[in-house]
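Colleague: Below are the chains, spelled out letter by letter.
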Amino acid sequence: MDRKTILILKREFLQTVRRKSFILMTLAFPMLAFVGLGVYQLVNGTTSGPSEVETISIGYVDQSGDFDRYAEQPGVSLARYGTEDEAKQALLQGKVQDYVVIPADYLSTGTISRYSLKQEMEAPARVTFALRNFLLDNLLDGQTEEMRQRAKNPMTVVSVRLNQAGEVAVNQGGFGAFILPYLFAILLIMSIFSSSGFLLQGLSEEKQNRVIEILLSSVSPRQLLTGKVLGLGAAGLLQILVWLATIAAATPIASAAIARFLGPIEFSFSLFGLGLLYFILGYLFFAMIMAGVGAISSTTQEGQQLSTIFTLLAIVPFWFAPFIIENPSHAITRILTFVPFTAPITVMTRLGLTQVPAWEIVVSALVLFGAFLATLLVASRVLRAFLLMYGKRPDLKQVIKVIRCA
Amino acid sequence: MDMNGRAVEAREISKTFGDRRVVDQLSFEVRRGEIFGLIGPNGAGKTTTIRMMMDIVKPDSGELHVLGRTLDDEIKDAIGYLPEERGLYRKAGVLESAVFLATLKGMDAKQAKGRALDLLKRVNLQAHVAKKVEELSRGMSQILQFVVTVIHRPRLVILDEPFANLDPINTELMKQIIYELKEEGTAIILSTHRMDDVEELCDRVLMINRGQRVLYGSLSEIKSRFPGNSVIVECQGPLSSLSGVVDTRQHGKGIELTLDGKTQPCDILTQLVERHVNVTRFEIGVPSLQEIFVQVVKNGP
Numbered sequence: 001m002d003r004k005t006i007l008i009l010k011r012e013f014l015q016t017v018r019r020k021s022f023i024l025m026t027l028a029f030p031m032l033a034f035v036g037l038g039v040y041q042l043v044n045g046t047t048s049g050p051s052e053v054e055t056i057s058i059g060y061v062d063q064s065g066d067f068d069r070y071a072e073q074p075g076v077s078l079a080r081y082g083t084e085d086e087a088k089q090a091l092l093q094g095k096v097q098d099y100v101v102i103p104a105d106y107l108s109t110g111t112i113s114r115y116s117l118k119q120e121m122e123a124p125a126r127v128t129f130a131l132r133n134f135l136l137d138n139l140l141d142g143q144t145e146e147m148r149q150r151a152k153n154p155m156t157v158v159s160v161r162l163n164q165a166g167e168v169a170v171n172q173g174g175f176g177a178f179i180l181p182y183l184f185a186i187l188l189i190m191s192i193f194s195s196s197g198f199l200l201q202g203l204s205e206e207k208q209n210r211v212i213e214i215l216l217s218s219v220s221p222r223q224l225l226t227g228k229v230l231g232l233g234a235a236g237l238l239q240i241l242v243w244l245a246t247i248a249a250a251t252p253i254a255s256a257a258i259a260r261f262l263g264p265i266e267f268s269f270s271l272f273g274l275g276l277l278y279f280i281l282g283y284l285f286f287a288m289i290m291a292g293v294g295a296i297s298s299t300t301q302e303g304q305q306l307s308t309i310f311t312l313l314a315i316v317p318f319w320f321a322p323f324i325i326e327n328p329s330h331a332i333t334r335i336l337t338f339v340p341f342t343a344p345i346t347v348m349t350r351l352g353l354t355q356v357p358a359w360e361i362v363v364s365a366l367v368l369f370g371a372f373l374a375t376l377l378v379a380s381r382v383l384r385a386f387l388l389m390y391g392k393r394p395d396l397k398q399v400i401k402v403i404r405c406a
Numbered sequence: 407m408d409m410n411g412r413a414v415e416a417r418e419i420s421k422t423f424g425d426r427r428v429v430d431q432l433s434f435e436v437r438r439g440e441i442f443g444l445i446g447p448n449g450a451g452k453t454t455t456i457r458m459m460m461d462i463v464k465p466d467s468g469e470l471h472v473l474g475r476t477l478d479d480e481i482k483d484a485i486g487y488l489p490e491e492r493g494l495y496r497k498a499g500v501l502e503s504a505v506f507l508a509t510l511k512g513m514d515a516k517q518a519k520g521r522a523l524d525l526l527k528r529v530n531l532q533a534h535v536a537k538k539v540e541e542l543s544r545g546m547s548q549i550l551q552f553v554v555t556v557i558h559r560p561r562l563v564i565l566d567e568p569f570a571n572l573d574p575i576n577t578e579l580m581k582q583i584i585y586e587l588k589e590e591g592t593a594i595i596l597s598t599h600r601m602d603d604v605e606e607l608c609d610r611v612l613m614i615n616r617g618q619r620v621l622y623g624s625l626s627e628i629k630s631r632f633p634g635n636s637v638i639v640e641c642q643g644p645l646s647s648l649s650g651v652v653d654t655r656q657h658g659k660g661i662e663l664t665l666d667g668k669t670q671p672c673d674i675l676t677q678l679v680e681r682h683v684n685v686t687r688f689e690i691g692v693p694s695l696q697e698i699f700v701q702v703v704k705n706g707p
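So the protein sequences, as listed, match chains F and R. Residues 1 to 406 in our numbering are what the first sequence spells out, letter by letter. Residues 407 to 707 in our numbering are what the second sequence spells out, letter by letter.
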């Protein structure tokens, strides 16, 4: 790389990493991640301790005559009253928080009435949970404790993925396995668009304030483009590395915290490597597009408006996220894997959902690289032709002519 | 610079954008140590010609040598360019801008900083070194732009409308520096619409119109091709009803008489002598470059 390209690269990198928006964006994710985990740990710690949970009292009137046992439920104590009037008095005197009436025809209707002094959207989960268990315990009275517990919580599905040899596969999938690649996909596209967005903004600003003519009197369009793309790419890479390091550091904590609900979060270095590969390829591809857009735009605002078209294309996989998550190996999902605009997000999302065949990743990466080379050619031509055209934006016909003829 | 001291040598260069031929078979040369005026009406092809010399735009045909070489990226380091469309990073510092752009021209940062400080002092901007470019007045930014143009001691300097927006003091200061550069052997191309500046500063002039060369040569050569059709007379006595005079107007202390196409200045002098008019000054009117410019654009060379 020649000296002038390095000078441009260095300036772009330093200018970018000193930007407030870049610093904020880079540090926001680690801060949110650790603050979120800290808050989770704190909340989890305070609510799980039994001594901290206050037991609430609920009155009940049993007109069916079947519910006279199991009045002590975790966190809720049920007090029986002979008549509704007694229960109402207890409520008004504050002896109970609310009361329920189990009617004589409960077994056939399944309906009970709840009375409370509070205005609320619906009964609190803790109350309904306790009432449900109280009813179930009484209905299953005579059954073993084990049977009653099973009726309350009939199943926990544990899925095991087998590989082609019929052995337990290394990557077990599930939410824990899905969350990281999906998070990668989101961060990847954020970084790709912030870096290539800086390129677009820089070029259109330089064009708008005419610095471009001064720069081109010292460096060639090729040196300018290479220096800018690499400088901003290095800044984007730094951002991605900070984020990946955060994920690597936070994964064990997050995994311990959510494993009991959703399964362990799996962090692998191959995922890390693929994340970097798709960042680099995706960034180079979008950077060239943004450079072209910057060259034909006469103002920064115009450039940003034009670039929205490409941003929307890139986030197509997010629009179809439910479909991709349900069908990670469907033909449409696979097509999105090979389309340069949608490849980075689709591949990262699929990695957490299914075993993506190696050839698909290789072909997708090669297509993305090929698309970068094609856009590099187009961007250089457009840059040379339109970077010094001020005041008006060339129409599509002119741009196509330049791409064809240059 | 080639052996013959030619800073620029263009032979029949042409450039077409779309269907429009912007520069058409243009030939000229710029010599070392001369101030060369590049003039022409708006849209004549001046900026494209300059951009071709800077290797920003490539000619479609013809030969263009700058400082004795065919154009390449390295040659840019030996050229200083002040474009008509001024441009500096508005958020950057004054010194930072000058140093960064100088390093892009091949200077090392330390050397560039020293030279920038010297030049900023010379143009009375030393008190603004720590400011951001956006804090400078329009005139000051232009002076800074000029500093950036010459900071790397270029051998060819191209100035496009360098005096626009400058007050008379800064205009004089910039002219002084331009003369110094000329003395040092730098070739200077001055593109402007201010014909009085061209007359004052330039040794030779190239005028282009519709991409073609319409005037080329030293100022005296060009003027000799446009003999005056007027005389300036200072005298005591009436100047009315002289035959061959189509117009009269005040010219300093005297009167300028515009002659018809058939009448020669000596015919007027003869008439004055015959009338015994006491003539204290009799001068053949030389058209200004401004008048030649207007005439050439309207009627052709």
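Honestly, I wouldn't trust all of these hints.
Claimed, not checked - Beyond 10 Å from chain R on every Cβ pair, some chain F residues (computed): (1) R3; (2) S57; (3) Y106; (4) S116; (5) L131; (6) L215; (7) L216; (8) S217; (9) Q301; (10) F310; (11) F318; (12) E360; (13) Q398.
As the list claims (entries may be wrong) - Computed cross-link-like contacts, DSSO-like style, restricted to lysine-lysine with a CA-CA straight-line distance of at most 27 Å: (14) K497/R x K20/F; (15) K10/F x K581/R; (16) K10/F x K519/R.
Calculated from the structure, these hints are not laboratory results. For glycine and all other residues, C-beta sits at the position ideal for the given N, C-alpha and C.
Colleague: Tell me the numbers of any earlier hints that the structure contravenes, in ascending order.
Modeller: Hint check: 1, 6, 7, 8, 13, 15 fail, others pass.
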